[in-house]
Structures are given as C-alpha cells and as structure tokens.
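Asker: Quick note, the sequences are listed as chains A and B, same order.
No gaps in the numbering here: position 208 of the first sequence is 208 in the numbering used here, and each next residue is one more.
Count along the second sequence from 1, add 247, and you get the number used in the numbering used here.
None of these hints come from the bench; they were simulated from the model.
Treat the hints with care, as some may be off.
[Unchecked claim] DEER-style ranges, computed between Cβ atoms:
1) B:Glu320 - A:Ala94: 34 to 40 Å
2) A:Lys133 - B:Val698: 26 to 32 Å
3) B:Asn613 - A:Ser173: 53 to 59 Å
4) B:Glu643 - A:Lys133: 44 to 50 Å
5) B:Glu325 - A:Val14: 53 to 59 Å
6) B:Val698 - A:Val143: 20 to 26 Å
7) B:Val698 - A:Gly229: 49 to 55 Å
8) B:Val698 - A:Asp135: 22 to 28 Å
9) B:Lys411 - A:Glu124: 52 to 58 Å
10) B:Ser650 - A:Asn138: 25 to 31 Å
[Said to hold, decoys possible] If you want the ones that stay clear, here's a sample from chain B, every Cβ over 12 Å from chain A, calculated:
11) Lys289
12) Trp314
13) Lys411
14) Lys542
15) Lys657
C-beta atoms are modelled at their ideal positions from N, C-alpha and C, and glycine is treated no differently.
Here's the letter readout for the chains.
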Amino acid sequence: MEKLLKVEGVSAKVNDKEILKGLNLEIGKGETHIIMGPNGAGKSTLANVILNNPTYQKTSGKIFFDGKDITDEKVDEIAKSGIFMSFQTPEEIAGVSVFNFLRTAKGKIDGKNVNYFDFKEELEKNAKALKMKADMINRDLNVGFSGGEKKKDEILQMLTLKPKLAILDETDSGLDVDAIRTVSKGIQMFKNDENAVLIITHSTKILQALKVDFVHILVDGKIVYTGDGSLAKEIEENGYKRFEVGV
Amino acid sequence: MPKTKVEDVNQNFYDFKNADNFEFKMDKGLSEEIVREISSKKNEPDWVIEIRLKALEIYQKLELPVWGPDLSELNMDEISTYVKPKTEMKEKWEDVPEEIKDTFDKLGIPKAEHEYLAGVGAQYDSEVVYHSIKEELLKQGVIYTDIDSAIRDYPEIFREYFTKCVPLSEHKFIALHYAVFSGGSFVYVPKGVKLEMPLQSYFRLNSPESGQFEHTLIIVDEGASLQFIEGCSAPKYNKVNLHAGCVELFVKEGGYLRYSTIENWSKNMLNLNTKKAIVEKDAQVDWVSGSFGSKISMLYPMSVLKGENAKTEYTGISFAGKGQNLDTGFKVAHLAPNTSSVINSRSISKNGGIATYRSLVSILPNATGSKCSVTCDGLMLDDISRSDTIPVNNVETCDVEFSHEAKVGKISDEAIFYLMTRGLSEEDAKAMIVRGFANPISKEFPIEYAVEMNRLINLELEGSIG
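For reference, chain A alone in the conformation it holds in the complex (with noise of 0.2 Å):
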C-alpha cells in the first residue's frame, strides 16, 4: 500500500548547521510511529522540516505525503493537504480567541464554511474531553496559558482540525501525570485506521496507554534504528548510549 509519508534521504541545516543528514522515514495509514532521540539529534528539525518552516534549508532528498511531492510547499499548502504539527512551545497570539482562530483554520483546512453551531458544540465537546476550562475557548491563544493548557490546546485544535498526519512534537514534557494521561486520551481520540502520528518524546509515560507500531531512534541527523513498541521502554531504562556507538 501507498505510504502516507514518505521522507527520503533529507538532509537539513539551520543557521548553516546541519542538523538533519540523510534521513529516511515511512509512515503508514493507521501507525503510530515514535521518535526518541538525544538532545540535538534533530527531532525538533524533523518536524519543522516535514512542515517546510522556511527557517530550515533542506538541502537534499524529497518528502512525499499521500503520494505528492510536499518537499517545497508552502507551509499552508501542506496543512491543507493534510498534516498537522504541535509544538512544544506554541505561539501566544493576543487578541484572537482559541475560538474565532479555530474556526478560521478549520475553514481554511476544509476550503468551505464552518458551521457555527457544529463547530461549536464539537468544540466544547473536544475542550471538556480534555478538562479544559470551560472559558478557555474564549481566552486569546495561548495568552497567559500554563504550560499544560497550552499542551492540551494543541491537542484540541488536532482533534478539531482532523489531519491525516498529526506530528506531536515533545507535546508530553513538561507535563504532571494527570495532564500527561489527558493528552494521551486525546490522541486515542484522534487515533483511527485511516490517520497517522508521529510522537516525538522524551519519555515513554505517554506512550503507555497508546498502541505503537514502531519506535524510531535519532542520532546525529538519522535514524539509526528502528524497532517495534518494546524498545522504548529498553531507551527508558538504558538510555541512548548503544546506538550511539560507533556513530
């Protein structure tokens, strides 16, 4: 079957760093796929790539999503297409609430006209999922938010804006146990047979309560390694050090 994602060879500098050397990545229709990794691996620039932030220069290899070369898209063109990415510090944008914002990307994600009500009633539905407050949709986003309603405001505007391919990036640090087991509620939500994500994590609390297909190690601007849900839990307990070997 067609992958959802295909990353093939990139490579990818900031500031005339590389960070990303040659990277390959297949993400299918239904996985759940994790990235662990050292500090400065590159898992952030990953993300960043895959979205074509245009801070990132690929220098080699193309990337394809849902059969389509997305390598030099614009950013909007490739939310549209269908991917969504959570950042780990997500922007504040005063004067805008969560609301009127949502309903502003969910047209532009859909290209028609959102429902007021609909979107509405989902939206709360979604927030209240969640345990976010009940004022929080009318708040300006991300204004004067903790850092865990931040976290989970990503996760709400995932399940609102229904991507294909939703790349979680460190959306789980930083968080206490009770937020941390809300957000992975949020993702089974969002988890179906015809979407995919793409966690990047430190920890493996997160992925406790999630089925995961595969487990990807980054080092050094690869993947050095890739094994099934089992080997997070040997990185939690041993660390990176036997794949950095030899590195």
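Given the structure of chain A, go ahead and fit chain B onto it with the hints provided.
Answerer: The following block gives chain B in isolation, referenced to the frame of chain A:
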C-alpha cells in the same frame, strides 16, 4: 520560502471622486483679501472677522514646527482654502444634490443615521451640506448644528466658548485654521441630558488642491452625557491636500463625553489637526482614535484635567503604510487632585511606513493623588518600516501613581509559521496577528465602527477589497 510582499492598497473603497463641481472655489493662496472674502461669503459678524485676521497675523509670524515630520512640501500658494459646494445646508437627504448624496450613501452615512445615530452632520469640501437631529433631542434642548448657524443662532454661548479651549497662538496650523475655518459642528448638551445614541459628523474633501478647516465645538453641561463620532475621508489626488481642523471640547462637572474618530484621509493629505478637551470636576472625556489615512499626520489630542476627580482615557491606533508618516499620540495635563488618565496606544507600520507615538504627560504639583498609566505598543510588519515612541513625562508631585510601558517589535516569523501550520496563508496569518494586535483598540469603537476598522485593516493588508 520567498516572503510574500504585502502590497499597498491601490483601489481604495474610499477613493472615488466626483467632478470638481463647486459653486465657488477660492483662488489658491492665503492673504488678508482671501480671509475677508471667506468671511463675507458667510456674512459673519465683525467679532469673527477680527479673530480671522488676528489669526492670519499670528500664522504669518509663527515658524513651522522644528520637530516631527518634514512639512516643507506644504505650499499654501497651491492650496485653495475655501470651496463652497453647489448646495445650501439641507435637513433632508433628498434635498441634497444627487452627486453629493451619492457620496455619503457610498460612505454609509444615511444608513447609519437610520440605524443607530441620534443626529448627523455631513460636510462636503468647505461647507456642511446636511444636518439632522432627532426631534426628541431638540425638545430636551440639545443643539446640534453647523458652525455658521451656531454663530448666527446661538451667538452668546458660541462666543463664550469659541477659541477658549484651543487659543489662536497654540501653533502655526491652529492659527491657519482660525484664519480660514469653515464648516464643522456645534453641539450643546444641557444639564443632566444623557444621549443614548451617538451624534456623528462626517467630513469629505472632494476638491483637489484644497484644504478643509472645519471647527468642532462641543459643550457637555453638568451631569450630561454624549457620544460623538467623527469620520473623514477623501479621494486621492496627485497634489497635496491639507486638513487643519480644530476640535474644542468642554465637559462640565460630572459630565461625560466619548469622542471617537475614524480617519481615513487619502494618501496625499497632510493632516495637521488639533483637538483638546477641558474636563471639569468629576467629569470624564474618553478619546478613541483610529488613524489610517493621510500622507503625513500630526495629531495629538489633549485632555486638560482641570477639576478634581476629572478622568480621561485615550485609546488610539494608527496604521502607516508605504509613503505614510503618522506622528500621533496624546497629551494630558493633570491640574487638580485625584485626576486620572489612561493612555493606550498601538501603532502598526509596513512597507516603509513610519508610525511614531509622541506623548506629553504633565502632572502639576497640586495634582496630588492622581494616577496616570501609559501603554504604547508598536508592531512593524517588515524590516523597512519604522515605529518609534517618544514619550515626555513631567511629573511634579510625588503623590502620584504613574506607570509607563512601551513595546516595539517586528511581527514574529514564528507566530506566522504557527498560524500557517493551521492552514492560514502568510497573508491571512499576518492579518490575524494584526487584527489581534488592534483588537483592544477596535473593541473600544462602537460595534459598527469596529467592523469598519477591521475592514480597513484588511484593506491595508490584503491590497484588495475583501
């Protein structure tokens, strides 16, 4: 990824011209003869012509300001100071000549009047062509009329207040204003009368190479309350137009006045406008100001907090695009104890535009127990635009609460990227950030005008009519 250039507006909603049809257009330039001729066209009493001539003398003596934007391109020899439209002032729109009525229809004035205004004044070039006020307000003793009528019909009260808030010699362009003033509105709200719906005056300058010098004089008597809205626009010409209006506001003990302006002069306009309020004991004046148009603006409304417990708030936004230099801000003088002022200013600049916030806060020694809070934020949309803040604060007593916050920054690439990952184009992302930045200001406008303001922001950003 190449940066999308945010283009300037070419075909502006406001940029439609009528032919330069006038009943009378004064020869260009400024002289005693011209000043006398304006006065005689208006059949003014002697005391008014005396003020005009004295003002002319002051104008000729005063120098151009040595600070702020360069005004050297202004040549009064190229400006006609008085253009009388082909109509007298009417009280019914159907009596206003078609072409002029059509202009105000396009600007949405009769519709607004019908829906939520208590009265309307509409000025076309140098004269007011339409004035109306709801019958029940007349019964309550509210006066809302043009300046010529006020001089004629309410000479005592008009004379008592005229020039007493903004004196002739305040600066060169106010002297110019008093020499050639024409049009504008006079409002008197009697003691205890509270208007629920706003009054609005709209100023349209259609004639090329001319100036508009309207005078607005508002008196809100003790315990009375008024919302006044002012709008202005003009089609664009290749040569400079001049606007040097004057607004004098008097708010008596316990009175309230909210003065809102949406200014969208064409980008060949030099907007050198003067506005001031004298605020008595327990009274309050709130200024809400949106500056979008003009080539150069120098506009610093002022509140003089004269009585104890007098309050003022200034909420202002300016948006400077290509070729625009908008030098705006606020002045406040705290003269009495327990007075308070809140200043909140935002400016946006793009495509090489210059937005400057300039302010003067004076808290005099006997203004003990007073409070002043200043916030001014600037947002630049690219690397070639400028945003400056130039605050001057004179605090002459220790017994005050004073705070000042200024932030100037460039629109964040990270924020644009964030919004783009949610499907917004670069243009949409910028527009959303700018609208959000402007939001604390736009929500201070009456709702219909907040919509108008968002539309202006979109126009500025998108370069097309959305």
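Asker: Within 25 to 31 Å: is that where the Cβ-Cβ distance between Ser650 (chain B) and Asn138 (chain A) falls?
Answerer: Given a distance of about 28 Å, which is inside 25 to 31 Å, the answer is holds.
Asker: Given a hinted range of 44 to 50 Å, is it respected by the beta-carbon distance of Glu643 (chain B) and Lys133 (chain A)?
Answerer: At 46 Å between Cβs, range holds.
Asker: Is the gap between the beta carbons of Glu325 (chain B) and Val14 (chain A) within 53 to 59 Å?
Answerer: At 55 Å between Cβs, range holds.
Asker: Mind verifying the non-interface call on Trp314 (chain B)? Its CB should be farther than 12 Å from each CB in chain A.
Answerer: The claim holds: Trp314 (chain B) sits with its nearest Cβ about 32 Å from chain A, beyond 12 Å.
Asker: Taking C-beta pairs only, is Lys411 (chain B) more than 12 Å away from all of chain A?
Answerer: holds (40 Å)
Asker: If I claimed the Cβ atoms of Glu320 (chain B) and Ala94 (chain A) lie 34 to 40 Å apart, would that claim hold in this structure?
Answerer: holds (37 Å)
Asker: Take the C-beta atom of Asn613 (chain B) and the C-beta atom of Ser173 (chain A), compute their distance, and say whether it sits inside 53 to 59 Å.
Answerer: holds (57 Å)
Asker: Taking 26 to 32 Å as the stated bounds, is the beta-carbon spacing between Lys133 (chain A) and Val698 (chain B) within them?
Answerer: Check passed, 30 Å falls within 26 to 32 Å.
Asker: Are all C-beta atoms of chain A more than 12 Å from that of Lys657 (chain B)?
Answerer: holds (14 Å)
Asker: Holds or violated: 20 to 26 Å for the Cβ distance of Val698 (chain B) and Val143 (chain A)?
Answerer: Since the Cβ atoms of Val698 (chain B) and Val143 (chain A) sit about 23 Å apart, the hinted range of 20 to 26 Å holds.
Asker: Indicate whether the distance between the beta carbons of Val698 (chain B) and Gly229 (chain A) respects the range 49 to 55 Å.
Answerer: holds (53 Å)
Asker: Looking at Lys542 (chain B) again, its CB stays over 12 Å from all of chain A?
Answerer: Holds, because the least Cβ-Cβ distance between Lys542 (chain B) and chain A comes to about 28 Å, which exceeds 12 Å.
In this structure, every one of the numbered hints holds.
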